[in-house]
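**Student:** Residues per chain are reported as follows:
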Amino acid sequence: MPSRRVILLGGLGATGALVVGYALWPSDRLARVDKLAAKAGERFVNNWIKIANDDTVTIVVPHCDMGTGIFTALPQMAAEELDADWDKLRVEAALPDPLFANGALAEGFILSGQHMTRDQVPAFLRGTVDNTFRTVATYMDLQVTGGSSAVRATGVYGMRIAGAAAREMLVKAAAARWNVAPEDCATKLNRVLHKASGRSFSYGELAEDAAAYSPSSSPKVKAKSEYTLVGKPVPRIDIPNKVNGATKYGIDTVVPGMLYAAIRISPVFGAKLLSVETAHIAGRRGIRQVVKLDDAVVVVADRFWRARDAASALVPVFDNGANGSVSSETITARRIAALNGDLKRDTKIGFGADAIDQPGRRSYEAVYQVPYLAHAPMEPMNATALYGNGTLEVWAGAQDGLGARAYCAKEAKLPLEKVTFHLLPMGGAFGRRLPQQWNYLTYAVQTAMAVPGTPVKLVFTREQDMQHDYYRPNVMSRMRAAFDANGAPLAWSHDYTVNDGPNPAAGKGDPDPQAHIAYGIPSQEYRTAKVPTHIPTGPWRSVEASWHGFFVESFIDELAHEAKADPFAYRAALLGAKPRHLAVLKKAAAAAGWGTPMPQGQARGIALFESFESIVAHVAEVEVSPEGALTVRRIVAAIDCGMAVNPDGLKAQIEGGIIFGLTAALHGAITIDKGAVMQANFPDYEMVRLAECPEIEVHIVESDAPLGGAGEPGVPPVAPAVTNAIFAATGVRIRELPITNQKLTASPARSAAAN
Amino acid sequence: MIFKALGANVTVSLKVNGMDHDLDVEPDAPLLWVIRDELGLTGTKFGCGIAQCGACTVHVDGVATRSCMVPAGAVQGSEIVTIEGLSANGLTPVQQAWIDHQVPQCGYCQSGMIMAVSALLKTNPAPSDAQLSAAITNICRCGTFPRIRAAVRALAQR
Chain A
1 MPSRRVILLG
11 GLGATGALVV
21 GYALWPSDRL
31 ARVDKLAAKA
41 GERFVNNWIK
51 IANDDTVTIV
61 VPHCDMGTGI
71 FTALPQMAAE
81 ELDADWDKLR
91 VEAALPDPLF
101 ANGALAEGFI
111 LSGQHMTRDQ
121 VPAFLRGTVD
131 NTFRTVATYM
141 DLQVTGGSSA
151 VRATGVYGMR
161 IAGAAAREML
171 VKAAAARWNV
181 APEDCATKLN
191 RVLHKASGRS
201 FSYGELAEDA
211 AAYSPSSSPK
221 VKAKSEYTLV
231 GKPVPRIDIP
241 NKVNGATKYG
251 IDTVVPGMLY
261 AAIRISPVFG
271 AKLLSVETAH
281 IAGRRGIRQV
291 VKLDDAVVVV
301 ADRFWRARDA
311 ASALVPVFDN
321 GANGSVSSET
331 ITARRIAALN
341 GDLKRDTKIG
351 FGADAIDQPG
361 RRSYEAVYQV
371 PYLAHAPMEP
381 MNATALYGNG
391 TLEVWAGAQD
401 GLGARAYCAK
411 EAKLPLEKVT
421 FHLLPMGGAF
431 GRRLPQQWNY
441 LTYAVQTAMA
451 VPGTPVKLVF
461 TREQDMQHDY
471 YRPNVMSRMR
481 AAFDANGAPL
491 AWSHDYTVND
501 GPNPAAGKGD
511 PDPQAHIAYG
521 IPSQEYRTAK
531 VPTHIPTGPW
541 RSVEASWHGF
551 FVESFIDELA
561 HEAKADPFAY
571 RAALLGAKPR
581 HLAVLKKAAA
591 AAGWGTPMPQ
601 GQARGIALFE
611 SFESIVAHVA
621 EVEVSPEGAL
631 TVRRIVAAID
641 CGMAVNPDGL
651 KAQIEGGIIF
661 GLTAALHGAI
671 TIDKGAVMQA
681 NFPDYEMVRL
691 AECPEIEVHI
701 VESDAPLGGA
711 GEPGVPPVAP
721 AVTNAIFAAT
731 GVRIRELPIT
741 NQKLTASPAR
751 SAAAN
Chain B
756 MIFKALGANV
766 TVSLKVNGMD
776 HDLDVEPDAP
786 LLWVIRDELG
796 LTGTKFGCGI
806 AQCGACTVHV
816 DGVATRSCMV
826 PAGAVQGSEI
836 VTIEGLSANG
846 LTPVQQAWID
856 HQVPQCGYCQ
866 SGMIMAVSAL
876 LKTNPAPSDA
886 QLSAAITNIC
896 RCGTFPRIRA
906 AVRALAQR
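Chains as they are written, first to last, in the numbering used here: chain A, 1 to 755; chain B, 756 to 913.
So that you can see chain A by itself, here it is in the shape it has in the complex (with noise of 0.2 Å):
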């Protein structure tokens, strides 16, 4: 594994800063990597990067592409030290093996985070960590795709260190060619030039003899005002394959002699499958075998219309257990009940929740919930795999490459070796795809082991995608504040409850540091009451965030009700500590034209939330016609993320972040019955589209902060945004998602005093 160096980093806010960037391979290395991932006339140079002789620089990304435009994004870091020619550069993933794992994201979170505490551990890290040490336990599951990370960890402590080396090794054998000294050296568009004579040679020319040196351990990085190419918005890479049908997603994936398999999961989670009657199925065309599972069973056809028509004409008997008769209903109660039962401090500030309940203090208090939801991507979950002579070959869509290959080898009971994983493009992901949340991989395994000499691809009808997810929890959540004389807040206590699903992606109760505000309150304090429940639960983009988000800007805009002061300037004046907040704050407030008057029925709402180390606040304007009929007309959204790399990428994703957290808000519920999901397609589990989705616009406010994510911080502030606005066009504060199940009654009076 990559021996860890502290080296002195400049640019990207980072100047002068002690950061730990991800050391490189060494060059005796570069023959395993270059016979396992180089084609002919190409050579790695060091982890990340291959030049080839006829000078094309090939970026290796230890991602996986699921939407986010880190493919683009991740290349123009590197390509930037490396002064490459972008008209010549190349892209691909990195194959799923421990030589790629992507010490970066390890490096970038945890060793850098010298006082970092398990809480702080991102959730899609945790299990990576030993937290006794602090040190990595395991790189096998270091390809992750998630926790908005690519940028801010494996381009910052990655990809630009990789870049900036890759120079330096080009310059030296330049250099040792001409017999002059490296500093006498310029590098441009894939070439090293010599300064005084104007000889040069081009990047193809030197590989060979560049790959020699061993990589440095302090490259020189870029000052951040010689950037030439981060910072511009570069077309993303992916896209041309996009508008063709080309991209092959891990659902395209066409094996000779395939067959295909549908399954038909345990509605209740955790169920044992008891029995099936498959005698009606038998004669039917195409079908090869049923496979009974643990859980479930799959039919195995020569066509995967035939294996679904089979699967849904199969009346499988389950053990439900006691799951049976858990409800949405009881959930909630439980959750009431742990709310009103012994609660577990996370954190006190102050004097804690004791200053609310003072004598001559008035208080404040309302009670929020979400509900459980769907990732519900647009390719259904899916994942074909060869089993036989003692090897196994898998091709899926998954956040984490290595670590798919490592839990598909685990489940065949096979070395890492006698596994082939073929990491394929995915058609949306949002944390459904992260480890420990691969049901997917587990079937597919299962069903090829029972096959075994014939590849076979598992294909998730979207009634299983949707009915066998790993849900955002549902939350409850009871806030209260004490104010001063002047509606200024003392005091804040947030108690809310924590999730304890039964997998092991659900957490096992811990806090969310998310919960944890910005506003300079004096006295805070947070509890948590664990609730388990037999709903599996994940990451879903943003996690905890998408709902302290909701929460923290809901309960903050009640407060600035009671204290009758306007949301933007009592936010404002609580945010003396934030800089970077108020900026963000007042970009958003300005540029949606806070407080100019508004045509009746319609109204702003206001909203501020730090997630994923990115500031993003968000002004919605909303119009409730008498009838209650609302209309999300535009979203105006500032993002403060340190630097933004492409601007145009991250404009996407904020702007695709607001219709995820807008679709949330207004539509989005999964609901449990008899212990199985209610929901089962689109029609019950709807979406914005077009129709619905407002006017969006986007703006960066540039800062020297450190690079924050992009992916998943434009999500949190929508629903309060949206909800905010409907309470100043109607007087209606809606304290449950999602609004839909709520009676918006449009009040004129109210509306016209909020404006």
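Because the hints were derived from the structure by calculation, they are not lab data.
It should be emphasised that the depicted structure is a prediction, and the values quoted were computed from it without experimental measurement.
Keep in mind that the hints are not guaranteed to be accurate.
[Claimed, not checked] Straight-line distance between alpha carbons at most 25 Å, and here's what the computed DMTMM-like set of lysine to aspartate or glutamate pairs gives: (1) A:248 <-> B:793; (2) A:413 <-> A:97; (3) A:248 <-> B:839; (4) A:222 <-> A:184; (5) A:88 <-> B:793; (6) A:292 <-> A:319; (7) B:770 <-> A:302; (8) A:39 <-> A:393; (9) A:586 <-> A:704; (10) A:232 <-> B:855; (11) A:172 <-> A:42; (12) A:248 <-> B:855; (13) A:410 <-> A:97.
[Stated by the list, open to error] Over the 12 Å line for every Cβ pair with chain A, so calculated as not near, a few chain B residues: (14) 768; (15) 770; (16) 776; (17) 831; (18) 881; (19) 901; (20) 911.
Glycine residues also receive a C-beta, built at the ideal position from the N, C-alpha and C atoms.
Please arrange chain B on chain A, whose structure you already have, making use of the hints.
**Tutor:** Just chain B now, kept in the frame of chain A:
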């Protein structure tokens, strides 16, 4: 349980992207799966299976059609066009606008989206936002709608 493969001899004739195919499939086999699994044209996507999301949109005699619920036997004799056959060479203006506006993210829904928009623009070259929203009800989970709208607005102004 292992069942013997039972042969069948039903033939469906389809014309897809200008090519004739005689296929040994049941007439009620869904067009989507025949396109993907029999013809190997995987650009047309499976999203919901109940004609809700539009990922499987193809043109049947020029009309945007959600292929997941169309029986293959019902479109014999029709001109079927998939994303692979949308343009004889190069890119159509819609595809180019999708690149110019950097529309796709994961890209999975975009074949269907492009097919649906292409069919709309044939009958209404300059749709208003309201007409666009009424005609295009495809789901995109990545949230590319603002860029789809911008791309269509630009196409409408040409």
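**Student:** So which hints don't hold here, by number, going up?
**Tutor:** Per hint list: 5, 19 violated.
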